[in-house]
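The chain contents come next:
Protein chains: 2
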Amino acid sequence: MSFPASGERFRARYRITGSEAEARRKAEDICLEQTVELPLALVPEGPIREHVIGRIEALTPIGHELYEAEISFAIETAGGELPQLLNVLFGNISIKPGIRLEQLELSATLLQRFRGPRFGQSGLRGLLGVYDRPLLMTALKPMGSSPEQLAELAYRCARSGVDIVKDDHGLANQPFATFAARVARCAEAVAKANAETGAKSFYAPSITAPATEVFQRAYLAKEAGAGGLLVCPALIGFDTMRALAEDDTLALPIISHPSFTGAFVTSPTNGISHYVLYGQLQRLAGADASIYPNVGGRFGFSVEECRSIVAGCVELLGSLAPAFPTPGGGMRMHNLAQMWELYGDAVIYLIGGGLREGGTLEEGVAEVRRQFATMVSHNAAV
Amino acid sequence: MSFPASGERFRARYRITGSEAEARRKAEDICLEQTVELPLALVPEGPIREHVIGRIEALTPIGHELYEAEISFAIETAGGELPQLLNVLFGNISIKPGIRLEQLELSATLLQRFRGPRFGQSGLRGLLGVYDRPLLMTALKPMGSSPEQLAELAYRCARSGVDIVKDDHGLANQPFATFAARVARCAEAVAKANAETGAKSFYAPSITAPATEVFQRAYLAKEAGAGGLLVCPALIGFDTMRALAEDDTLALPIISHPSFTGAFVTSPTNGISHYVLYGQLQRLAGADASIYPNVGGRFGFSVEECRSIVAGCVELLGSLAPAFPTPGGGMRMHNLAQMWELYGDAVIYLIGGGLREGGTLEEGVAEVRRQFATMVSHNAAV
Numbered sequence: 001m002s003f004p005a006s007g008e009r010f011r012a013r014y015r016i017t018g019s020e021a022e023a024r025r026k027a028e029d030i031c032l033e034q035t036v037e038l039p040l041a042l043v044p045e046g047p048i049r050e051h052v053i054g055r056i057e058a059l060t061p062i063g064h065e066l067y068e069a070e071i072s073f074a075i076e077t078a079g080g081e082l083p084q085l086l087n088v089l090f091g092n093i094s095i096k097p098g099i100r101l102e103q104l105e106l107s108a109t110l111l112q113r114f115r116g117p118r119f120g121q122s123g124l125r126g127l128l129g130v131y132d133r134p135l136l137m138t139a140l141k142p143m144g145s146s147p148e149q150l151a152e153l154a155y156r157c158a159r160s161g162v163d164i165v166k167d168d169h170g171l172a173n174q175p176f177a178t179f180a181a182r183v184a185r186c187a188e189a190v191a192k193a194n195a196e197t198g199a200k201s202f203y204a205p206s207i208t209a210p211a212t213e214v215f216q217r218a219y220l221a222k223e224a225g226a227g228g229l230l231v232c233p234a235l236i237g238f239d240t241m242r243a244l245a246e247d248d249t250l251a252l253p254i255i256s257h258p259s260f261t262g263a264f265v266t267s268p269t270n271g272i273s274h275y276v277l278y279g280q281l282q283r284l285a286g287a288d289a290s291i292y293p294n295v296g297g298r299f300g301f302s303v304e305e306c307r308s309i310v311a312g313c314v315e316l317l318g319s320l321a322p323a324f325p326t327p328g329g330g331m332r333m334h335n336l337a338q339m340w341e342l343y344g345d346a347v348i349y350l351i352g353g354g355l356r357e358g359g360t361l362e363e364g365v366a367e368v369r370r371q372f373a374t375m376v377s378h379n380a381a382v
Numbered sequence: 383m384s385f386p387a388s389g390e391r392f393r394a395r396y397r398i399t400g401s402e403a404e405a406r407r408k409a410e411d412i413c414l415e416q417t418v419e420l421p422l423a424l425v426p427e428g429p430i431r432e433h434v435i436g437r438i439e440a441l442t443p444i445g446h447e448l449y450e451a452e453i454s455f456a457i458e459t460a461g462g463e464l465p466q467l468l469n470v471l472f473g474n475i476s477i478k479p480g481i482r483l484e485q486l487e488l489s490a491t492l493l494q495r496f497r498g499p500r501f502g503q504s505g506l507r508g509l510l511g512v513y514d515r516p517l518l519m520t521a522l523k524p525m526g527s528s529p530e531q532l533a534e535l536a537y538r539c540a541r542s543g544v545d546i547v548k549d550d551h552g553l554a555n556q557p558f559a560t561f562a563a564r565v566a567r568c569a570e571a572v573a574k575a576n577a578e579t580g581a582k583s584f585y586a587p588s589i590t591a592p593a594t595e596v597f598q599r600a601y602l603a604k605e606a607g608a609g610g611l612l613v614c615p616a617l618i619g620f621d622t623m624r625a626l627a628e629d630d631t632l633a634l635p636i637i638s639h640p641s642f643t644g645a646f647v648t649s650p651t652n653g654i655s656h657y658v659l660y661g662q663l664q665r666l667a668g669a670d671a672s673i674y675p676n677v678g679g680r681f682g683f684s685v686e687e688c689r690s691i692v693a694g695c696v697e698l699l700g701s702l703a704p705a706f707p708t709p710g711g712g713m714r715m716h717n718l719a720q721m722w723e724l725y726g727d728a729v730i731y732l733i734g735g736g737l738r739e740g741g742t743l744e745e746g747v748a749e750v751r752r753q754f755a756t757m758v759s760h761n762a763a764v
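So the sequences go chain by chain: B and V.
Residue numbering for the first sequence follows the working numbering, beginning at 1 and increasing consecutively.
Residue numbering for the second sequence follows the working numbering, beginning at 383 and increasing consecutively.
Among the hints, erroneous ones may be present.
Unchecked claim - Straight-line distance between alpha carbons at most 25 angstroms, and here's what the computed SDA-like set of lysine to any residue pairs gives:
id, chain 1, residue 1, chain 2, residue 2
1, V, Lys478, B, Gly300
2, V, Lys478, B, His334
3, B, Lys96, V, Leu698
Derived by calculation from the structure, the hints in this document are not laboratory data.
Quick caveat, the model's predicted, so the values are computed rather than measured.
All chains, full assembly: derive it from the sequences and hints.
As structure tokens, this is what we get:
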């Protein structure tokens with residue numbers, strides 16, 4: 001058999017700290033560490049050296065003691081599988097200081113292995129039947145509430161005009177409100193509200209679950225009438241999210257939550273960029289909406305970081321659909337206009353406590369919907 | 383139904399940066415963010431406030447602008463499931479700067495939900511029939527080799543006295559050596575070596591795989607005669623590793639690999655401590671051996687950090703068996719005595735390139751085994 005290498009390569013950009021010599025050393029190290037995991041001298045001459053080892057395509061200074069390395073890998077190294085793709089992109093080198101994964105440029109053949117978001121932005125709008133205003137999402141909480149309490153809240157949210165009513169990501173299968181009991185009641189409550197309003201709001205339960213029960217819960221949710229799934233990929237696995245998204249029996253939109261991802265983005269010199277982590281990777285793993293901590297909220301992301309997430313969710317990535325960026329945290333009545341200036345119609349507005357600021361939940365939702373209408377008509381006028 | 387709260391709580395220690403007032407604010411924030419995810423004012427009076435919200439048990443200065451907070455949570459918040467336990471311990475607050483998860487103190491009832499390492503240190507020794515010297519592990523590489531080449535290497539390793547022959551963690555299901563072809567040949571090769579030597583060395587293939595194929599590959603490995611499984615929990619999910627470990631049909635030792643974990647430990651003020659990440663968490667997730675980047679190797683862990691990993695692998699954690707700390711990287715002939723001083727008999731020595739330093743693989747393994755014998759007899763004499 002001839003050596004199985006197509007010659008096709010995918011690329012990743014890394015931000016590397018150090019002098020030019022150090023940056024080059026680190027880039028060369030990425031090429032070896034992420035593939036053959038041997039010093040070059042121990043790599044046999046021939047096709048492995050020629051094809052398998054990563055290749056530095058460019059090394060560019062981008063700041064003081066800061067370089068960007070573009071490195072290409074043979075598509076065969078990833079074997080067409082997401083966990084192994086992540087392994088090649090950022091497996092062992094995640095442990096080495098001063099290397100940050102900035103951007104992916106995957107090749108056509110590799111991208112074809114991924115279905116991406118089943119619905120994406122336009123598909124989600126289609127499911128909800130809302131085309132002319134921003135989408136509104138909120139969360140059922142607090143943990144400790146009974147299924148009846150959560151269902152009552154779900155009803156009120158959907159009844160008053162929230163498009164997507166999701167579980168708080170901390171709701172799993174606790175004795176306060178077991179998954180089965182909660183999902184049945186909340187889905188029923190949202191259906192009741194829809195019947196009254198004529199809207200197509202949906203409920204997305206959280207399926208943080210043991211590995212052997214994730215699909216079971218997802219099917220249970222589907223049967224109970226849930227219209228989407230809330231998934232924490234860092235807790236149950238990015239590839240588990242992908243498998244849920246690609247499951248044709250489920251065929252439910254996937255809303256991704258950033259729980260447990262923070263360590264990847266807390267350092268500017270290590271980890272993974274916001275663009276990749278909350279954007280590109282989410283789409284590869286099938287998320288239709290990617291929740292992320294909003295600027296001005298309690299998590300400290302900058303405007304620039306939030307912009308890069310939006311870009312990662314929507315910029316060209318083969319034929320993969322754009323995901324809906326979904327900023328949450330820090331969304332308040334008084335800054336909604338400001339958020340609109342930043343995001344416009346391009347995101348789902350995830351508003352929690354903000355809905356309760358000025359009075360009842362119903363008043364809050366009405367006020368947000370009124371502001372949305374004003375913004376949209378103002379835009380139309382301009 | 384009365385409110386389902388047993389009163390039993392588990393604890394976690396967090397390292398928090400800031401002034402005392404800031405540290406207290408952050409600690410209070412952990413209590414809310416990780417449970418009800420609401421400002422205190424919005425949490426209803428009654429059992430949720432009383433039981434569900436985290437509780438600051440202690441806040442202690444441990445350095446300049448550095449505090450340790452001990453926070454307790456009702457065991458019900460975790461619902462007896464590992465993904466949700468991680469969610470409570472470090473879900474959203476992973477995204478907030480200046481908070482690091484340092485140590486877990488799980489309660490009896492919660493710990494009973496976890497089987498932990500099936501074999502642990504003594505079980506692994508039992509499987510290998512080696513009680514009187516340190517264990518030796520090595521990896522099959524490089525990626526790009528054919529199944530025949532890898533099997534030949536596996537044979538030579540086992541034949542010359544390596545106890546555990548594992549796949550390089552970068553071997554998945556690539557066209558160079560598909561999983562099925564590689565595993566069959568390598569398992570056979572190690573069996574052949576065992577038949578000749580009378581030893582009980584085993585082969586542990588890497589099962590980095592899509593979510594829906596992980597168990598399939600694990601069963602295939604078992605049928606082919608593999609003696610263990612190499613798992614990257616950060617790539618396929620910590621709870622997937624736990625499920626593999628607890629599967630009674632498989633009943634194979636689990637060797638955990640740190641690929642993709644680096645972002646958690648690159649900052650002293652964020653992420654998760656080495657003690658938890660490569661120690662306690664590995665045992666909760668069923669790892670019998672926990673591979674980590676060794677001091678002096680190419681990853682830059684300190685002696686102190688390596689010591690803390692060993693402690694996390696072996697210190698009391700309910701009735702969970704100790705896992706075998708398995709330092710890899712930077713293990714060389716010339717520093718083996720130094721490694722012995724640091725680790726003694728308490729770890730598995732994972733040696734890759736070091737085995738080739740002075741000549742053939744066979745000579746390298748013989749030299750390591752000779753050094754082990756000297757160290758052990760020296761110890762016995764002292």
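Quiz item: Which hint numbers does the structure go against, in order from smallest to largest?
Solution: 3
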